[in-house]
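J.: Chain by chain, the residues:
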Amino acid sequence: MLEELRISSKLKSPQYIFAICVLVPVIAIYTIIRIIPIGGTIFLGFHKWDLINPVKPFIGLRNYIRLVQDELFIIAIRNTFVLALLSIVISLGIALGLALILNRRKMRFAPAYELIYFLPFIISWVPLAVIWKWMYDPTYGIFNYLIGLVGIGSQGWLVNPKLSLYSIIILVVWRNLGLATVLFSVGLKNIPAEYFDAAIVDGAGSFKLFRHITFPLLKPITLYLFVMSTILNFAIFSPVYVMTIGSQGAPGNAVRVLVYDLYENGFRYLHMGYAAAEATLLLLIVLVLTLVEFRSMRYKG
Amino acid sequence: MKREMMKKRMTALIITFVAGGLLLVTEGISQAKITLTLWSGFSELTPVYELAIKDYESLHPNVSIKLATFDLRDQERKLAVALPSGTGPDMIETCLFTSYKYMEGGCFKKLPAELLKFRNESCFSYNIREVDDYGMPWFGNVDGLYWNKTMFMEAALPGPPKTYKEQTEYAQKLAKYDAKGEVIRSGYSLRLSGAGSGVAEKLWIIGVMPYGGRIVAQAPSGKYHNGYNNEAGRNALKLYIDYLYKYKIDSFKVKHDAEAFALERTAMLMREAWVVGHMKQHAPDVDYDTSILPVVSEYNLRSGLGQTYCLYVTKTSKNSDIAWDFIKFIENPKYLKHMFLNVGWVPTRKDVSYEDVYKEAPQLRNLTYKDYNNVQFYDPMVCTDEIYTKLAERLMAAYTRKDLLDNPKGIAKVIAEAAEETDNILKEAGLYGEK
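From first to last, the protein sequence lines stand for chains D and Y. So for the first sequence, our numbering puts the first residue at 1; every next one is plus one. So for the second sequence, our numbering puts the first residue at 1001; every next one is plus one.
Extracted from the complex, chain D is given alone in its bound form (with noise of 0.2 Å):
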């Protein structure tokens, strides 16, 4: 009794009142931009719905039943794993490379490098995709007059079906790498200099003041970014849809990803209910990959 007339008066103590007040607008703008969507597209997932008939038929489990047997689904999730996988282990090695680079004592203008290699990172997906598709062009293209000066013959790197996932990856992997390196950058000037010093005292080489200290200290934020570009990589979309438009564009299921396949489904062949089931399917890879790299990755303080 007396607890709960101590939570009583707690809950109208100014302090509470003014947090609650400050909560519920964020908690209902969440709610209303984020959980109900959600919601709603499980829902629809067991429905069939062409988005111009009213009428919505519940047809159980018949999206997902169909999706997994059907075979542009499963290339387009064989083309997710390879572009997430391949793009997040390239960009994460070269970015940690760099920033190690980057913070040798010695190196000047680090800052500056930093910033060029942040900048495509703020630039958006739709002009970068653009201006690649040009680099990549056949006959014009700046990638197969390098390659030419080596000796290699000209590539068609879009066109050419078994070329133009990995001609995306490296796109993905040119605009993230400058988030990686910085974030890279920032975590190696947290670590004290002290633990280096000890440890060279100690006799310890390059390679095991690497793996005993940089690389267990930097895992918070080897965490975050494997996180975070796992969610962006897995949710990739406008690169694709662009890379894709037009006769020099790459062929659709070559690149097909899952937001590509989804889009497809949903607003081109109007097959909203399936959409909606891939997209719940999507989630829920997202959800379970992020929760193994938590688990595999988990951070002691």
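Read the hints as simulated data drawn from the structure, not as lab findings. Hints should not be assumed to be uniformly reliable.
[Claimed, not checked] For lysine-lysine, the following DSS-like pairs were computed, each having C-alpha atoms within a straight-line distance of at most 30 Å: (1) Y:Lys1078 with D:Lys48; (2) Y:Lys1318 with Y:Lys1109; (3) Y:Lys1248 with Y:Lys1173; (4) D:Lys162 with Y:Lys1180.
Given chain D's structure and the hints, the job is docking chain Y onto it.
T.: For chain Y alone, coordinates are given in the frame of chain D:
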């Protein structure tokens, strides 16, 4: 006395307020403009629309028409969201390929009787679809063969090919190669890539139609089934594979399409009439001409795709009378000729003389279907885009397969699998009918 003075003052004040109010309301009414919106999927048409809108607005000062042009694919995406939700524009320009599903969904208003009569009397027959009583035909895509006169002269070729046999021979002579034997200039530019249905559409026109096939054929029941799991479909794919790997007329490693033609990176191209406008704008110095498409001698089918872009008025338009009036206004020969000459899209009106346009752009003269005996159309069904886009994806994968060269079994397998997918899409849509 005082009370009377007060009364007079009050009356004067009320009169002043009422008069002022009336003046304001009248001014408001005279200034209130009726605004209509028009969405187009072709940015190159902007000058044509702008000219017509300017003229229309000067004749109707109380009307304002806002034009929004998008990339064709973007427009399709916007329509998918806007039309069912009733947030679309008053007028849209699109073709049956896209519009049929919205017709079925009741998103458009029917053509008024007067415009229906006008359409039936004044448009080319291949621009009219019986199923479409909603859109006013505006322009059509008429396919033609573009050929580079300079390259033909250099190769001592007499003129555009009349048969497929000639086309193949000429293309081999016109293609150029580097020291390693790689194509650096294609003899004939095929559509080999790009998302969407374009790749399948081009195979349909270049390959399937001339051999007497179709992508979708109508069953006796009125429903549909694939029309290419046959000799026509197999010949079509064989033609592409032969052009790529046997005759090396084209390659994945060179530029394609109108851009390649404008940059003189290809000698021949099958494309719609808009390429004339493209060439005028981007490559005015290239010496080229057009011709009707060649035929496969054994079949003698002069084939082309009859696709018409119409102007529709949406169900939610509050000013449909004005919208229809504007649509009739834009069918004026002044705008049709402006579009034909400067953009290249072929007007649908047959009762207008285009001689003055042909004088300025003689290449446009051949871009008509008057001598064609096999003009085919997209069938009116909701899953058209899905059928052609998914077929296109399969074709793009097949085009990279060198092992399909001289491999009739491999080609038959690719075509049979694609045809099965087409039939499955039709079944899912409830439109499949046995042959």
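J.: So, for every hint listed, does it hold in this structure?
T.: The hints, checked one at a time:
Proximity of Lys1078 of chain Y to Lys48 of chain D is assessed by CA-CA distance (about 21 Å); at most 30 Å being required, the pair is judged to hold. Our distance criterion of 30 Å between C-alpha atoms is met by Lys1318 of chain Y and Lys1109 of chain Y, whose separation comes to about 11 Å. A distance of roughly 11 Å separates the Cα atoms of Lys1248 of chain Y and Lys1173 of chain Y; the hinted pair therefore holds under the 30 Å criterion. Restraint check: the Cα-Cα separation between Lys162 of chain D and Lys1180 of chain Y comes to about 21 Å, which is no more than 30 Å; the hinted pair holds.
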